[in-house]
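K.L.:
Spelled out from the first residue to the last, the chains are:
Number of protein chains: 2
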Amino acid sequence: MKNYKLTLQYDGTKYSGWQKQGNTDNTIQGRVENVLVHMLADERHTDIKSIDMSEYEIHGSGRTDAGVHAYGQIANFKADTQKSLSDIQNYLNTYLPLDIRVTQISEAAPRFHSRLNACEKHYRYTIDNKEVSDVFMRKYMTRLKADYDINAMKKAAELLTGTHDFKSFCDNKRMKKSTVRTINKIDIKDTDGIITFDFYGDGFLYHMVRILTGTLIEIGTGKRKPDDIPEIIKSKSRADAGFTAPPQGLALVEVRY
Amino acid sequence: MKNYKLTLQYDGTKYSGWQKQGNTDNTIQGRVENVLVHMLADERHTDIKSIDMSEYEIHGSGRTDAGVHAYGQIANFKADTQKSLSDIQNYLNTYLPLDIRVTQISEAAPRFHSRLNACEKHYRYTIDNKEVSDVFMRKYMTRLKADYDINAMKKAAELLTGTHDFKSFCDNKRMKKSTVRTINKIDIKDTDGIITFDFYGDGFLYHMVRILTGTLIEIGTGKRKPDDIPEIIKSKSRADAGFTAPPQGLALVEVRY
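Chains as they are written, first to last, in my numbering: chain A, 153 to 409; chain B, 153 to 409.
These are computed hints drawn from the structure, not numbers from a lab. Please note that the accuracy of each hint is not assured.
Just so you know, same-sequence chains aren't split out, so a pair can sit in one copy or run between any two.
[What the hints assert, rightly or not] Calculated lysine to any residue pairs in the SDA-like style (CA-CA distance at most 20 Å, straight line):
id, residue 1, residue 2
1, K329, N281
2, K375, D194
3, K297, Y243
4, K282, L237
5, K307, D392
6, K319, G366
7, K282, G224
8, K230, D379
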């Protein structure tokens with residue numbers, strides 16, 4: 153069995169997120185696994201029912217929510233196949249829908265795990281604040297027209313950077329594991345009305361990037377002050393943080409190992 | 153009655169092109185006129201049926217085909233309204249769907265006509281020749297993976313440039329008016345597998361840009377030679393030119409006056 157590492161790009165608009173949900177296959181993971189199982193069945197001249205799907209589970213570096221996009225999601229899977237790397241990539245890209253692409257494939261070390269070995273993730277949230285909303289990128293940005301105070305948001309971003317218990321920024325109330333995470337950097341830029349928030353960290357809790365963005369938006373629009381951040385972190389209460397920004401503005405850009 | 157000039161951006165994917173078709177309103181022109189008539193009826197506190205729609209026809213600089221996009225289509229219309237320019241723009245952008253935007257509005261001279269006064273149009277055709285097709289711009293490019301000879305296409309483009317009778321590049325068999333047009337420039341670029349064809353000319357016949365592109369593609373892939381161009385022009389027969397490239401790769405970029 154070889155261990156394969158995939159880099160995936162997807163438009164999350166039509167999907168229920170990365171993670172497989174029972175028998176529905178409207179997830180990225182479900183779509184990719186489905187094509188993979190067909191590939192293995194084809195190669196063995198057997199029926200897909202004879203392939204143990206659990207054996208070929210694809211592990212993503214993290215779950216992206218419904219509607220969230222990816223420029224570089226990383227996933228790995230183990231399989232026994234005689235196909236070359238480019239043949240596997242071509243098979244996947246031939247049978248996957250056009251809004252999911254395998255942009256790279258390589259053989260990884262046997263113990264490589266896309267989630268457990270990830271050391272840094274880079275997410276980008278994009279807000280369209282142009283005078284007139286963008287037609288061509290409209291599905292990959294959140295339209296939120298406002299008079300943003302970029303410097304206030306930058307100041308708040310600095311206060312969020314570092315190792316903190318981010319329980320206030322997590323939408324999973326029954327989270328039993330540690331909610332301590334490290335944010336290495338948050339870059340905020342305004343390029344002709346397109347505002348981007350680039351988050352770099354060792355990992356992010358459920359909805360964490362979207363709640364961080366929602367909180368930064370509330371600071372940028374004057375509803376909160378940058379100095380509120382330490383209190384929000386300290387309270388460990390989701391109710392004290394900002395709103396959960398909508399999914400379409402979010403994309404997983406890169407995972408570093 | 154003032155004469156208003158609009159700059160429009162649209163994603164043509166879902167529309168039957170620019171030009172209104174009888175009672176169907178799945179056209180860009182139909183959508184814009186419909187909102188405009190509502191605006192005028194609102195202002196006059198009358199029913200839309202009392203507004204003579206023919207009076208408020210919007211003249212586009214040219215018809216874009218079904219599925220063709222625009223970064224800067226120009227249209228003009230005459231109307232009697234007390235609304236300011238920005239109020240008209242806001243009204244249109246509030247009620248138009250998000251895949252049609254009015255990016256600019258200005259008052260034009262009384263005799264300004266977007267089609268009759270246009271002196272140069274710029275169309276861009278984009279081909280996705282990347283190793284793996286692009287997810288996010290997939291609806292605005294045509295996927296045609298091949299080993300293109302860019303220099304052969306550039307040589308052919310030079311032979312197409314100038315004033316010629318482009319009858320061979322026109323899909324309207326019953327065209328009674330002159331088929332002589334001037335192409336000022338054709339720029340062809342390959343940027344990391346994204347091939348763009350930029351056409352600048354005083355006007356283009358029905359399907360002309362798509363047939364020019366199809367012919368250039370056939371030259372780039374070795375099915376024809378650059379030196380075939382003079383013969384194709386001379387024959388004045390549509391059958392002698394290349395295929396009509398699909399609409400989704402085409403966009404009207406700019407109209408100059």
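K.L.:
Decide, hint by hint, whether the structure agrees.
P.N.:
Hint-by-hint comparison with the structure:
1. K329 <-> N281: neither (37 Å within a copy, 46 Å between copies)
2. K375 <-> D194: The answer is neither: 58 Å in one copy and 35 Å across copies each exceed 20 Å.
3. K297 <-> Y243: between (43 Å within a copy, 16 Å between copies)
4. K282 <-> L237: Close across copies (18 Å), not inside one copy (43 Å); limit 20 Å.
5. K307 <-> D392: within (19 Å within a copy, 65 Å between copies)
6. K319 <-> G366: Only inside one copy: K319 and G366 sit 15 Å apart there, 57 Å across copies, limit 20 Å.
7. K282 <-> G224: between (26 Å within a copy, 16 Å between copies)
8. K230 <-> D379: For K230 and D379, the Cα distance exceeds 20 Å both inside one copy (48 Å) and across copies (53 Å).
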